[in-house]
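2 protein chains.
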Amino acid sequence: MNYRQIIAVDAMGGDFGPSVVIAGVASAQERLADTRFLLFGDQAKIQVELDKFEGLKPHTEIHHTDKAISSHEKPSSAVRNSKDTSMRLAIEAVRDGTADAVVSAGNTGALMALSKMILKCLPGINRPAIASVMPTYKDQCVMLDMGANLACDAEVLTQFAVLGAVYARVVQGITKPTVGLLNVGTEDMKGHEELRSAASVLSSIEFPGEYHGFIEGDDITKGTVDVVVTDGFTGNVALKTAEGVGKLSKVYLTEAFKSSPLAMLGYFLARGAIKRMKDRVDPRKYNGGMFLGVNGVCVKSHGGSDVLGTENAIMVAAGLVTNGFNQRVAAQIEELMEQETFMSVVGM
Amino acid sequence: MNYRQIIAVDAMGGDFGPSVVIAGVASAQERLADTRFLLFGDQAKIQVELDKFEGLKPHTEIHHTDKAISSHEKPSSAVRNSKDTSMRLAIEAVRDGTADAVVSAGNTGALMALSKMILKCLPGINRPAIASVMPTYKDQCVMLDMGANLACDAEVLTQFAVLGAVYARVVQGITKPTVGLLNVGTEDMKGHEELRSAASVLSSIEFPGEYHGFIEGDDITKGTVDVVVTDGFTGNVALKTAEGVGKLSKVYLTEAFKSSPLAMLGYFLARGAIKRMKDRVDPRKYNGGMFLGVNGVCVKSHGGSDVLGTENAIMVAAGLVTNGFNQRVAAQIEELMEQETFMSVVGM
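Here the protein sequences come in this chain order: Z and S.
Number 36 in the numbering used here belongs to position 36 of the first sequence; there are no gaps in the numbering.
Number 125 in the numbering used here belongs to position 125 of the second sequence; there are no gaps in the numbering.
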C-alpha cells in the first residue's frame, strides 16, 4: 500500500502509556486511511494493545525500545539521558525522513528541547512556540506561545505573529488572518515595553496576516482575532485558567440539573442539545499543542489525554503535514527576510 | 440617625454615570440600613436619579462638582488635572475621615494613583494590589494582583501574599488561609526567578496564611488555595480570560437550548435551576476590585457595571469597613516586621 503520510508516535508518553496511545492511534487511523504509524516503545506492551485493533495492525510498525523519558524528569537531565528513548527515536524518525510528523504525550520540556536539538528551527526562527487552537463565539482562533518560552522579547513575539498567521492561512484557510497581541488593555500605551515594540514592528511590516492591535483576555473567546500572540508564561496561565472555568461551568450545570425533579426532567429532554454544547467546549477536541517554528512537524498531546484527546493530537499533526505547513512557513519567512523594515527591526 | 459607616461614592464614574451608580447605591442601601452615602458629582444629574429612590434620599448627601475624570484619560494626566474632580473629592473624604470607604467605577489607573497619593500605603507596603474574589468548585478564593502592578519582584509578591491572607482571614473568616503562587507548573524549578524567590521567602516566614506552593491556572477555579498571588499582568489576563470563557459557555448553552423544540421544553422545565447556575458565575456578583495595601478602603467597580454590579462593589467596600480590614492588616504587618527572616528577605 502506498501511504500519503507516516506519523511517528511515542507510544510510552502520557500518564497512561500504550493503553491509551494505541487506542487513540486506532481512532485516528479510521479517519486517516492513507496513513502509516511508526510506534516507538516497549514491543510487548504495544503488541498487547495492538492486538485489540485488528484493523490498525497492518498500518503500523513497532520500533522497540525499553527506554522512556519520565514526565517528571527535569528537561535538561531528560535530554542528557535521552539516547534510545521512545520520544527521541520518534523525533529522529522525522529528522531521518522516515516519518513526516511526531506525536508525543510525554514530558513537554524534553519534547521541545529534543525537537529543537534534533530537528533544528526553521531558518529565521530563534525560538519555536507551542500553539493551540481555542474555541470562540465565531469559530476558533490559534494562540501561541502556550509555555515554551516564559519571557519573550519583541523579536520573538513578532516571529510568533508570523508563525500564527501562516498557520491560520495555510491550515485554517483564512486569507488575511488578523493578529492581536494579548495585553492588559487595548490602548497603545498599555503593557510591557516588549509588547509595545512588537506592536510597532507588526504595524510597519508586510506579513501574511493583518495586525489588529492589542487585545484583552476576553477577546480570545470573543474571536476578535484569528491569531492571539503572547509570551509562554501568560499563554500557559490563560489556557489553564480557561480550562478551569470551562470545567467549573460544567460542574455548576450538572449541579443545577440535579437540584430538583423538574430540572432533571428538563435535562432529560434537552440532553442531546446539552451533550452537543459540552462537545463544543470539550478540551479534548482542542488537544494537540503544535511546535511551530521547528523544522519538522511535532505535536504535543496532553499528558492526561484519553483516547479522544490522543486521536485529536494525531489529527492535528496530520493536518500540518497535509497542508505542507513547514514548507509554506519557510517560504513565507524567506519573503519576509527580503523586507528591509523587517530585517532592521526584527533582525532575524 | 447614627450611622455605622459612611461610604463616599464617585457618582460620575463608569460608562453610565449617575443613572446606574445611584440605582446601585439604592440597592446596596436596602441591604446596609445603617450606612450613609456621600455622593460626589454633578448635583443636578445626581438629584434627577435620586428622585427615583425616595427611601435612599435621607441617607445621602450630595457634594457637588462639575469636574470628572474621563475613563480614557491617561492616568498621569488625569492625576495632574484631578483637582476638584468627583473621584478625587471622594478619595479625600476618606483621607479627611468624613467617609470610611470610597467606591468608584472610574478610570482604574487614576483611581489607583490618586489613592496612593492621597491615602498613602499602609506601613510596610510598597505597592498596593487590586484583589478580586473568584468563584471555585468549593466556594470562592481571593486573587491579586489584577492589574495595578504589571511586573512584580519577589518582595512585592510576598507582600501580596500577606495582604491576601489577611483578607481571607479577616473578611472571609478562614483561620489559616492557604496561599498559592500562580505559575506554569507546580514543580519548584518552574517559572520566573521572582516567583522562585517569593516561594522561598513564603516557605520560611511566619505569616497569617499557610504557603501551599506553586499553582497552575486551573487551580484558581478548583479552589486549591484560598489566596492566589500573581503579578498584575498575568492576573489581569487570567481574570478577563475567565470572564470570556464564562460568557462563551453561556452563549453555547443558550444556542443548545434553542436548537430543537425538545431542548426548548427542557429549558422551560429547568429554567429555575439554570438561572441559579448562571447567577453563581455571574461576573457582576464578583464585581468590586479591592485596593489592598492602601491606607483606606478603596473599591473599584467595573466601568461597564450595571445596577447589580455597582451594588456588589458597595457591599465589598462595606465588608472591608465592617471587618476593620485595614487596621488588622496594619497590625499583622507590624508583627511580620519583627521577624528577622522576613525583614532580611523582604526588606520592608
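Bear in mind the hints are in silico, worked out from the structure with no lab data behind them.
One or more hints might be untrue.
It does not matter which identical chain is used: a pair holds within one copy or between any two.
To be verified - Computed cross-link-like contacts, DSS-like style, restricted to lysine-lysine with a CA-CA straight-line distance of at most 30 Å:
hint, residue 1, residue 2
1, Lys275, Lys83
2, Lys57, Lys67
3, Lys275, Lys176
4, Lys120, Lys138
5, Lys67, Lys52
6, Lys190, Lys45
7, Lys138, Lys250
8, Lys190, Lys74
9, Lys176, Lys222
10, Lys116, Lys190
11, Lys190, Lys67
12, Lys258, Lys120
13, Lys190, Lys57
14, Lys52, Lys116
15, Lys247, Lys258
16, Lys275, Lys190
17, Lys222, Lys74
18, Lys57, Lys285
19, Lys67, Lys138
20, Lys52, Lys250
21, Lys258, Lys45
22, Lys275, Lys116
23, Lys57, Lys258
24, Lys74, Lys275
Nothing here was measured: the structure is a model prediction, and the numbers come from that model.
Consistency of the hints with the structure:
1. Lys275 / Lys83: neither (45 Å within a copy, 57 Å between copies)
2. Lys57 / Lys67: within (23 Å within a copy, 77 Å between copies)
3. Lys275 / Lys176: Classified as neither; 34 Å inside a copy, 40 Å across copies.
4. Lys120 / Lys138: Result: close neither inside a copy nor across copies, 36 Å intra and 46 Å inter.
5. Lys67 / Lys52: Within one copy only: 24 Å inside a chain, 76 Å across chains, cut-off 30 Å.
6. Lys190 / Lys45: Neither: 53 Å inside a chain and 33 Å across chains, both beyond 30 Å.
7. Lys138 / Lys250: Answer is both: 21 Å inside a copy and 14 Å across each meet the 30 Å cutoff.
8. Lys190 / Lys74: So Lys190 and Lys74 pass the 30 Å test across copies only (10 Å; inside, 36 Å).
9. Lys176 / Lys222: The answer is within: 18 Å in one copy meets 30 Å, while 39 Å across copies does not.
10. Lys116 / Lys190: between (33 Å within a copy, 20 Å between copies)
11. Lys190 / Lys67: The answer is between: 25 Å across copies meets 30 Å, while 49 Å in one copy does not.
12. Lys258 / Lys120: neither (53 Å within a copy, 50 Å between copies)
13. Lys190 / Lys57: neither (55 Å within a copy, 40 Å between copies)
14. Lys52 / Lys116: For Lys52 and Lys116, the Cα distance exceeds 30 Å both inside one copy (35 Å) and across copies (67 Å).
15. Lys247 / Lys258: Classified as both; 17 Å inside a copy, 22 Å across copies.
16. Lys275 / Lys190: neither (40 Å within a copy, 37 Å between copies)
17. Lys222 / Lys74: Classified as between: cross-chain Cα gap 26 Å, same-chain 37 Å, threshold 30 Å.
18. Lys57 / Lys285: Within one copy only: 25 Å inside, 55 Å across.
19. Lys67 / Lys138: Classified as neither: same-chain Cα gap 44 Å, cross-chain 41 Å, threshold 30 Å.
20. Lys52 / Lys250: neither (33 Å within a copy, 40 Å between copies)
21. Lys258 / Lys45: neither (42 Å within a copy, 47 Å between copies)
22. Lys275 / Lys116: neither (40 Å within a copy, 50 Å between copies)
23. Lys57 / Lys258: neither (44 Å within a copy, 44 Å between copies)
24. Lys74 / Lys275: neither (39 Å within a copy, 47 Å between copies)
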